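Here the protein sequences come in this chain order: A and B. The first sequence stops at residue 332 when you use the working numbering, and every number in between is there. The second sequence stops at residue 332 when you use the working numbering, and every number in between is there.
Don't read these hints as lab results, they were simulated from the structure. Incorrect hints may have been included.
Same chains, same names: a pair is fine if it fits in one copy or spans any two.
Straight-line alpha carbon distances no greater than 20 Å define the calculated SDA-like cross-link-like pairs of lysine to any residue that follow [what the hints assert, rightly or not]: (1) Lys106 to Glu20; (2) Lys110 to Asp93; (3) Lys243 to Glu253; (4) Lys69 to Ser269; (5) Lys317 to Gln274; (6) Lys107 to Asp159; (7) Lys69 to Tyr173; (8) Lys69 to Glu315; (9) Lys106 to Met291; (10) Lys110 to Ala95; (11) Lys69 to Gly287.
The model shown is predicted, which means the values in this text are computed figures rather than measured ones.
2 protein chains.
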Amino acid sequence: MDNLLNQLREELEEAFSELSIPDQPSNLYEPMRYIIGLGGKRIRPMLTLLGCQLMGGDRKRAIPQALAVEIFHNFTLVHDDIMDSADVRRGLPTVHKKWDKNIAILSGDGMLVVAYQYLMQAEAAKLSKLAEVFSITALEVCEGQQLDMDYAAQSSVSLEAYTYMIRRKTAVLLGGAMQLGAIIAGSTDKDLELIGRFAEDMGFAFQLRDDYLDSFGEQESFGKEIGGDIREGKRTWLTIKAYELASPAQRLRLDQAFASSDVNQRIEIVTSIYHELGVAAMLTAEIERYSKESAVALDAIDGNEEVKQQLRGLVAYLMGRMS
Amino acid sequence: MDNLLNQLREELEEAFSELSIPDQPSNLYEPMRYIIGLGGKRIRPMLTLLGCQLMGGDRKRAIPQALAVEIFHNFTLVHDDIMDSADVRRGLPTVHKKWDKNIAILSGDGMLVVAYQYLMQAEAAKLSKLAEVFSITALEVCEGQQLDMDYAAQSSVSLEAYTYMIRRKTAVLLGGAMQLGAIIAGSTDKDLELIGRFAEDMGFAFQLRDDYLDSFGEQESFGKEIGGDIREGKRTWLTIKAYELASPAQRLRLDQAFASSDVNQRIEIVTSIYHELGVAAMLTAEIERYSKESAVALDAIDGNEEVKQQLRGLVAYLMGRMS
């Protein structure tokens, strides 16, 4: 599996190095090269290539769509970083910090256009479907970001609303990415839907797993500091579920912990309430539910069995151990 | 001519009233309805419909592309208003004032996606060309906006650079708008190029005319206050040309006038230097040059003679009297 992923990543990095972005005006185009050059796991464009191969296509034909997805993803990072006032991304200054907000707005806009330029590099018969899937996905990502901002201003949000929002913000683009590759390979609508469900459920399970590990993981294997979400007072599946199940006394302790400036004590109290309520096991069950639904969708796809096996390996690789 | 324009405007307003924009999340979609609902001359979508008719197509078939162009134009207004810190548009608060900057960024992004959704409502064989023309035009508009911001930070700019920038900011979208309609009608590439040149040169002449009237027009027919550009210290074709031709003494008077807080005196001094240098006549010559080039391109188009005649009427209507 690692070999295939490395192979895909290499093909993608080569394509990225040949990206045709103009030079002038440099304040419009340089930020595009900068943010794309920051790298990342390139998981979305990989899914585009795998979606093509899964449905029997030559994955090289889906390279433009893979680039479109990654350019789109980077456009959302540039604009989200403005909205979230985030100064650092991947250890380097965000576009609006390195340049300024206006440049970040405009070069982001330009990236969305460039994404469509790559998306439309396909035979005529595929263009309508490519544009349809891409645009719907893009709007859903915008909806997720808007709901995230709306919810941030609310004192509480239901688990259902949170799930709806976080799926749009993080998972639908994985589904859309893979569907674009499948369209290039000439997939049926039925398989397209299954592919979308596979990648979206996988992405959502992966997102939940990240929340889980943040509170219950082991420092070494997680790579980030344990309790970071609680430290930042971030609203996650766990905080929402805990508030939902908490007794009045536990709710008071949660409120006090999140209001306290002693972050180490905050992490200690919130984590202990998580244990009292048993939310870790509930989240594990939720992750398994989505992983399973993802696997069921994958099984049902009328695609290349070898690629399906590789995708199962990818899921196992991404999900890793649950500890 | 007025009848045709009114007819087109009616058809467009009907189409706008049926625009399918979702309801939720309202902070994403309500600003789209708001800015599009502010109205305007709808000159760009009219050109799309006329471009289709000119090349022998049924203009109703180009309605989705006409909407795409106007939605794109409105997206640029929303983001430009953030960048320019403009609080009022068409007498009402701009999106970032009525909501906030983050909402304006995100709903603008969404509008660009919705614009592509409408653009792609056409038969498969036309999609590649539609996307190509639209995306190139969109990037040129972004380039114009970026150059405008770049030049604002510079103490001087050449007339050539200014012309390049202002054509991108204001004229290329008129060319692109009309080309989209022509593509729907099945225009040849040769006619497409002529159509682009006609509308772009017309748009640029119109923009220069606006600069002219701002300094030399008559209050009543212009509708805006005479000298507004000078009052705001705006860099226009006239200021650049005046600085280019000014003697050291005149340059000093210009510098002092623009540095002065007495705006009435500023208008008086700058206008008198314009007269000393004869820049009004030079600008008139420039406007006539572009109007003529626009007319030559229109004549050369292998299109419907009746529509060509109507377009000549449109140009005369838009250009009005030069006083």
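Hints, verified against the model:
1. Lys106 to Glu20: neither (31 Å within a copy, 45 Å between copies)
2. Lys110 to Asp93: Intra 12 Å, inter 12 Å, cutoff 20 Å: intra and inter.
3. Lys243 to Glu253: Classified as within; 16 Å inside a copy, 58 Å across copies.
4. Lys69 to Ser269: neither (53 Å within a copy, 63 Å between copies)
5. Lys317 to Gln274: neither (46 Å within a copy, 77 Å between copies)
6. Lys107 to Asp159: Only across copies: lysine 107 and aspartate 159 sit 16 Å apart there, 28 Å inside one copy, limit 20 Å.
7. Lys69 to Tyr173: neither (34 Å within a copy, 38 Å between copies)
8. Lys69 to Glu315: Classified as within; 18 Å inside a copy, 49 Å across copies.
9. Lys106 to Met291: neither (40 Å within a copy, 43 Å between copies)
10. Lys110 to Ala95: both (12 Å within a copy, 15 Å between copies)
11. Lys69 to Gly287: neither (47 Å within a copy, 61 Å between copies)
Consistency with the previously given hints fails for numbers 1, 4, 5, 7, 9, 11, ordered from lowest to highest.
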